[in-house]
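Once you've looked at the hints, dock chains B, C and D against the given chain A.
4 protein chains.
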Amino acid sequence: MDPSPLTVVPLSEQYDRVRQQTLNLCRPLQTADYELQAAEFTSPAKWHLAHTSWFFETFLLKPNLKGYQEFHPQFGHLFNSYYNGIGQPYPRAKRGLLSRPSLDDVLNYRHHVDQQMSLLMADESLQPLIELGLNHEQQHQELLLTDLLYCWSVNPMQPVYQALPSPVANTESPINDWLSFDGGIYRIGHKASNGFAFDNEGPRHDVLLQDFSLAKRLVTNREYLEFINAGGYQQPEFWLSDGWAWVQREGIVAPLYWWSEEQKPEQEWQQFSLNGQRAIELDAPVTHVSFFEADAYARWAGARLATEAEWEISARQADAAQGHFADAGRFSPRPVGCSEVTQNNGLQQQFGDCWEWTASPYQPYPGYVPAAGAVGEYNGKFMCNQMVLRGGSCVTPAGHVRPTYRNFFYPHERWQFTGIRLAR
Amino acid sequence: MDPSPLTVVPLSEQYDRVRQQTLNLCRPLQTADYELQAAEFTSPAKWHLAHTSWFFETFLLKPNLKGYQEFHPQFGHLFNSYYNGIGQPYPRAKRGLLSRPSLDDVLNYRHHVDQQMSLLMADESLQPLIELGLNHEQQHQELLLTDLLYCWSVNPMQPVYQALPSPVANTESPINDWLSFDGGIYRIGHKASNGFAFDNEGPRHDVLLQDFSLAKRLVTNREYLEFINAGGYQQPEFWLSDGWAWVQREGIVAPLYWWSEEQKPEQEWQQFSLNGQRAIELDAPVTHVSFFEADAYARWAGARLATEAEWEISARQADAAQGHFADAGRFSPRPVGCSEVTQNNGLQQQFGDCWEWTASPYQPYPGYVPAAGAVGEYNGKFMCNQMVLRGGSCVTPAGHVRPTYRNFFYPHERWQFTGIRLAR
Amino acid sequence: MDPSPLTVVPLSEQYDRVRQQTLNLCRPLQTADYELQAAEFTSPAKWHLAHTSWFFETFLLKPNLKGYQEFHPQFGHLFNSYYNGIGQPYPRAKRGLLSRPSLDDVLNYRHHVDQQMSLLMADESLQPLIELGLNHEQQHQELLLTDLLYCWSVNPMQPVYQALPSPVANTESPINDWLSFDGGIYRIGHKASNGFAFDNEGPRHDVLLQDFSLAKRLVTNREYLEFINAGGYQQPEFWLSDGWAWVQREGIVAPLYWWSEEQKPEQEWQQFSLNGQRAIELDAPVTHVSFFEADAYARWAGARLATEAEWEISARQADAAQGHFADAGRFSPRPVGCSEVTQNNGLQQQFGDCWEWTASPYQPYPGYVPAAGAVGEYNGKFMCNQMVLRGGSCVTPAGHVRPTYRNFFYPHERWQFTGIRLAR
Amino acid sequence: MDPSPLTVVPLSEQYDRVRQQTLNLCRPLQTADYELQAAEFTSPAKWHLAHTSWFFETFLLKPNLKGYQEFHPQFGHLFNSYYNGIGQPYPRAKRGLLSRPSLDDVLNYRHHVDQQMSLLMADESLQPLIELGLNHEQQHQELLLTDLLYCWSVNPMQPVYQALPSPVANTESPINDWLSFDGGIYRIGHKASNGFAFDNEGPRHDVLLQDFSLAKRLVTNREYLEFINAGGYQQPEFWLSDGWAWVQREGIVAPLYWWSEEQKPEQEWQQFSLNGQRAIELDAPVTHVSFFEADAYARWAGARLATEAEWEISARQADAAQGHFADAGRFSPRPVGCSEVTQNNGLQQQFGDCWEWTASPYQPYPGYVPAAGAVGEYNGKFMCNQMVLRGGSCVTPAGHVRPTYRNFFYPHERWQFTGIRLAR
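Chains as they are written, first to last, in the working numbering: chain A, 19 to 442; chain B, 19 to 442; chain C, 19 to 442; chain D, 19 to 442.
In case anyone wonders, no lab produced these hints; they're calculated from the structure. Note that this is a predicted model, so its numbers are computed, not measured. Do not take every clue at face value.
Since copy identity is lost for identical chains, a pair holds within one copy or between any two.
[Claimed, not checked] Here are the simulated EDC-like cross-link-like pairs (lysine to aspartate or glutamate), alpha carbons at most 20 Å apart as the crow flies:
#1 112 <-> 141
#2 112 <-> 268
#3 80 <-> 132
#4 112 <-> 58
#5 84 <-> 122
#6 209 <-> 58
#7 209 <-> 224
#8 84 <-> 260
So here's chain A without its partners, still in its complex pose (with noise of 0.2 Å):
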């Protein structure tokens, strides 16, 4: 990986692109569309427009800018989103409440937040914490999208986004290969030296691994439905225990956004997007699915999830044979294209259409250590009862991907573009 090219973008013009695409996105839609809360695990559009600006306000401007006067006395409490060492949070549920600030008070805000910001941008030794508060708009995008799409899918008047990228068929695998990896001891994690990351993808370390093979491409919709239609979420034999009482408890029956007059026959599933209503489409990747749908799914197929190692060294050696990820298009303010990284001999699929899950718990690596103060929470105290996902989906940022890249949701959560990749 050469990140020379990266350098050729300064930090106050990644800065200005990034927080410009938060913007971006937020174009098509309405004024009520901004104050949408569907369940207490989506956030409105304008509380992350908000967040995203209090992160800045909080962990760069009010420590290290003199003088600083805040913007309003009751945003450190309202747009704080779990950082108890900042004071108790405004409650989580309640987002959507939240009319006032207006709209134009959030914008107002971000303008203070980015002109006081400018006066930061010099000093190098912040330049590791603004990495982190774009990095951290970045994954607020993801879910400003992600969200929308989860609130809009409620109302029957299904509302339209527009012209979405979404996760793209594979024409050239009808039949899903697999790619075999030799065990050995390999070394995972992200390198100090080489750019940013967040604090769980390190420290780098060694690990030891068994042989293992994983599919080229991911589970399509096509194949998601020969489960269904055997009757996979009927029998509990394909599930964990936890997944098997979820499925019965919800009443599951098909990927979150799929529904169909009556349940019939596979071509009459359709699926909720953010580019409207449509059929499903048969060679796209199967997405909306929790780790206990992509669990079962796998034993169904006789196979298994990849461990979040195993992963990460397929895509290592991908990215080492093809110099990907040092475009500077690292902080392009445009959704990613999909597709992001396709290797013809590799493993495809691996950045850009969906976020994969693994076999992995959401664990510290060896000697983890979070940073002081209150910023340390923002990975470490969520390593419990979690699972890693890897990749990255359609609506991830341009250059927010990364072979250590390290996703964790609960194992029922499926409102993020989530799949399946087969290993064994």
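Showing chains B, C and D alone in chain A's frame:
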């Protein structure tokens, strides 16, 4: 108040006034405020704007206007409140998630309905149903304000509506005198020839009452504070069993919207209102209390609540003496002045301050039969588990009160302007 | 039935008979059966045995027997049902977890209380309170059986109690005739000089009734099946709003304890009872229906439920005609014979088959004042959200019925033997 | 490890000893104690007695004993725990409602199964499955005691079981020294030729570890009190996010079974145990803590929890050095002596005091494949959302421990004897 000019107001003008008044009430709102639903029992202002139009479209335009084209195929579903005869309503708890249709769409819907309704105004046979629609809209005008108050109360930004009427201190009555009434057979309920009334106000019928006395004015905040300071919320002997369970489960220690930094002595209590945060006004009527609290206060004070028949007798006597409510229909398009009806020699604060909890469960009068069809669901099906309130509040529209009016809420509810009048 | 010999039964003998009858009812139980609590609203038989003794210990022995030593320091807490004036009761939902004290301990407690109580029998001033304790125990005798039925109903082993009375088919009345009553002023409620009654049965007072008719007999299973088969549970127009929400939420399709393999036609329905599993007896009164179901059935049948005043008038007329209930107190120690009171020319099945849901919310009669002290919590604090039932059921103890008796349950409850009599 | 002594106890004798031991453990129970289920995660003793017999009937007798007649047609349903391959189990939450079958019926069921099982003892091919059944029964012996403890803890009568082993104070180690281990590649997991193990203990495989140190002894009550008194339960920085939510939601302020009148200083804390109520023993290991508490304590103490591989390496080294686990007492029918394995030069309290929470989520070992058929549901389907515990507790049956044993519970659970060993 001279009601006579009102009687010459033609129905079409009444229609215009009432419909316009709903819009007037929304003027202080920002766009995002229209979307708020902080609890299942509240509805967004935008939904109120649409639902009141839906009522005219559903019960007047569709059955009676030849060739009428519905405004939007989804609106019949989205803005149906609870009329199962019309079809399965959109889930009540999700009204706040309808960012689409937009506010502009809903205002266009109102305009469309108003234009089409003008074609039906000349049909005398429809007059009762149109009057029902207007009274329905007036009920939602009150809800629009009380729902907004509730939704804003969870926002630390403390939005302010404007100078709104509030329950008003009665400065002439430091002592709460009693007015006595003789027992006997009285006729209560709405007289069919006497203008508009909801179906639940009839049939007119005789009741047999024992001698009773009613307090001349409502219980004040000062008096209610004595109850609080005497430990009223901590002593089960004053409470109904279900009320005590509610107090314990919800941690209730004061009326809704009251709060104090550390629950200090009385002068420290603050109250959130549509006029903003302010100190408790000691001589104003206590409001936002549940039936359970009203009942417990009365028991603590050695009294009881009035039955609805007792209340109506007292109001009718004042009515007869002073000529009020004689007009067939007053549709003044401004919020009611507080204390609309104040008899020097009779009961005070009976209309226009607080709805008064009675001791009467909401039940059908003898011989009550709801209207045929879905419109019969308006009142009758709620005649279980709720308590009758009489009078009217400071946010009840002018003219929308009368001695026979039967309002009803569950005994734990208190987001309306609800107060206490003692009886014995 | 000749009540006259009963009047000579001295109080101490009444005491012995009632206390013994509670033990008799437990004879068919195995040790583990005494511990069952399948829902918060039921109590274990062992708890009933202890609580009824607690009542005498708390309200008679402790205040009145000089030098009385309580049997166990924890029992005052463990076996307090809901008397906050006595102290914080042990949590109701956990009564089934009290494996200690053992059944033997509780039987010893009963014996201890009985011995001590014998020392108070001569004190005439205590007679009303002792009578209250005995009537209290009789109420728990009925609950002991209905609670047991509920608890056993969740056990696939289908335990059988013994040949118990059930609601009995009225073979003479295939058609449900009506009996008419004139309107007018009637006096209802318990006459103070007329023997024991609960405080909620008074004060005696006048009511004004319109003309009404009551069905001669109770609604049968055959008739109720017509309602089911006509889709009664699927059509919201027959249901109160709260009832419809209950039916939907709980998936109710038939009376409690009814079940069928696949909800086939009527002849397939089975009913679980204390006598075991059996086919529905078509001509027996329908029982184990909620108020919501009774009300919906009545509306479907073009009728309504009686008010409690109408019911009492009808029962008193029969009473006056036939000399029933004239005795001051009957404490026959055997289960009531079914259909205790059957007037050939009057209403049938009014006592001894099913408690009859009335249309009357449970409210205090005019002038009602509960007793001073904790014993005043017996009835008064429940006068909210519940409906009055009249009559008595097949498991109500003999003698524990009278025309003024006011039973009360929440409108969704149906684990008592509750049935339907139509009115119009 | 020399397994030869084991061979001196024939399988049929092992069977008799283990089966008898379950009955022995029940001796202090009164009849009603057998029925208790205070929470869904506990089961009644009677149910444990039946379920352990069901295991033999279902997996041994029915498939292998020609002409076997099941004891009762309902028992296959009632006493199935979670084997969906056998059929829909009776709802777990309602096990405490099965007053029938009676305790005598269940004891007869045990006797019947034992008699029939004797006919299968000579079949060597069944030996692994019989051993599984015996180890299964030993797991339920421990649960029987921990479930009973939980159920009795809600009873103000404070029942006492008898003098039972408890975690024992380690009087020689006032300071908690560290024992260091070198990193490297280690082989962990059960060796197939090495006697019985559960399937989740294999396959044996290599792991790569970094250098690590383990505390020689468990954290004591005295040390844990310092954490409490330092405000550990009030400071979110020590807690995982899910742990902090649990502490807040449940109001957790101390280990399970600890209580104090007013949460006064340390000497006031009491602990409920099977030996009765008593003051906290300061030098005994803290127990009945959740993973969340163990993890927060470790973070507060500047340490961490061990991974399960680290733990197993440390135990195996001791094992190899001292020849433990080879003794014939493996199926000794008495409760394990506390601190069964105490190495003077190694780790102390590793077996026989408390199960030790590890930092390892419960996951399959590489290459793990569950057994075919319903018995494959034994372990594998629980490999999600749970954490591994290692060691064994004071109520683990003698012989039922080994270095490769993997116990597992949800991170909030703490009704087992669970303790804390620090690592770094």
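Structure-based check of all given hints:
With identical chains, the CA atoms of residue 112 and residue 141 are never at most 20 Å apart, being 37 Å at best within one copy and 48 Å at best between copies. In this homomeric assembly, residue 112 and residue 268 come within 20 Å of each other (Cα to Cα) only across copies, at 18 Å, whereas the closest approach inside a single copy is 23 Å. Only within a single protomer do residue 80 and residue 132 lie at most 20 Å apart by alpha-carbon distance; the minimum there is 13 Å, versus 54 Å between protomers. When the C-alpha separation of residue 112 and residue 58 is checked against a cutoff of 20 Å, the pair qualifies both within a copy, at 8 Å, and between copies, at 13 Å.
Taking the shortest Cα distances, residue 84 and residue 122 never come within 20 Å of each other, neither inside one copy (27 Å) nor across copies (45 Å). For the identical chains of this complex, residue 209 and residue 58 are neighbours neither inside a copy (36 Å) nor across copies (47 Å), given an alpha-carbon limit of 20 Å. In this homomeric assembly, residue 209 and residue 224 come within 20 Å of each other (Cα to Cα) only inside a single copy, at 12 Å, whereas the closest approach across copies is 25 Å. Neither within a single protomer nor between protomers do residue 84 and residue 260 lie at most 20 Å apart by alpha-carbon distance, with minima of 52 Å and 36 Å respectively.
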